[in-house]
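**Student:** Let the sequences and hints guide you as you build the complete structure.
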Amino acid sequence: MFTVKSIIDGVTHIAEQESITIARSGSPRFEEILRMTSSRSNPDFVIFLPPVYEDPECKKALQEEELIFSERDDVLDTDAIAILIEDFESPEHARRKAFSGLRYQFIYPGDNVYVMNSHGSTIETVK
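Mapping of the sequence shown onto my numbering: position 7 corresponds to residue 10, and the numbering continues sequentially without gaps.
FYI, nobody ran anything at the bench for these hints, they're computed from the structure.
Quick reminder that beta carbons are idealized off the backbone N, C-alpha and C, glycines included.
A hint or two may mislead.
Listed next, with one range per pair, are the computed distances between beta-carbon atoms [stated by the list, open to error]:
id, residue 1, residue 2, range
1, Glu-60, Val-129, 37 to 47 angstroms
2, Ser-28, Ser-73, 33 to 43 angstroms
3, Lys-62, Asn-120, 39 to 49 angstroms
4, Gly-29, Met-4, 21 to 31 angstroms
5, Thr-15, Lys-63, 12 to 22 angstroms
6, Glu-60, Gly-13, 40 to 50 angstroms
7, Gly-123, Ser-28, 37 to 47 angstroms
8, Val-14, Asp-90, 38 to 48 angstroms
**Tutor:** Structural data, given as structure tokens:
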């Protein structure tokens with residue numbers, strides 16, 4: 004278990020997480036996420052829900068692919084220094100057959116992220 008402390012746009016958030024992935028600027032995964040989210044130029048975070056089908060032919064969709072954006076003023080996605088990738092459980096899961104996806108938190112200059120192990124030691128920093 005990891006403790007992730009993020010200070011994003013002046014807001015501090017501390018959470019326990021099983022795992023976390025950090026895609027840094029210039030990495031192939033970072034560039035892939037920028038391409039996938041290119042319909043908006045200033046994302047704060049993006050939730051990706053993948054398509055899920057009930058049949059092998061992929062004709063009967065249980066869940067369509069969806070990108071849900073939260074935007075942030077005064078930033079551009081190309082200025083991001085990293086993207087945190089976290090598992091995301093759809094809030095619709097309990098009400099209908101919805102499936103989990105991923106949450107992409109964009110980290111911009113001035114934001115800080117600290118990842119600590121179970122002993123409280125910082126093992127990763129983004130700033």
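**Student:** All the hints need checking, so say for each whether the structure fits it.
**Tutor:** Now the hints, each set against the structure:
| no. | hint | in the structure |
| --- | --- | --- |
| 1 | Glu-60 - Val-129: 37 to 47 angstroms | holds, 42 angstroms |
| 2 | Ser-28 - Ser-73: 33 to 43 angstroms | violated, 20 angstroms |
| 3 | Lys-62 - Asn-120: 39 to 49 angstroms | holds, 46 angstroms |
| 4 | Gly-29 - Met-4: 21 to 31 angstroms | holds, 29 angstroms |
| 5 | Thr-15 - Lys-63: 12 to 22 angstroms | violated, 44 angstroms |
| 6 | Glu-60 - Gly-13: 40 to 50 angstroms | holds, 49 angstroms |
| 7 | Gly-123 - Ser-28: 37 to 47 angstroms | violated, 28 angstroms |
| 8 | Val-14 - Asp-90: 38 to 48 angstroms | violated, 21 angstroms |
Checked against the numbered hints given earlier, this structure breaks hints 2, 5, 7 and 8; the rest are met.
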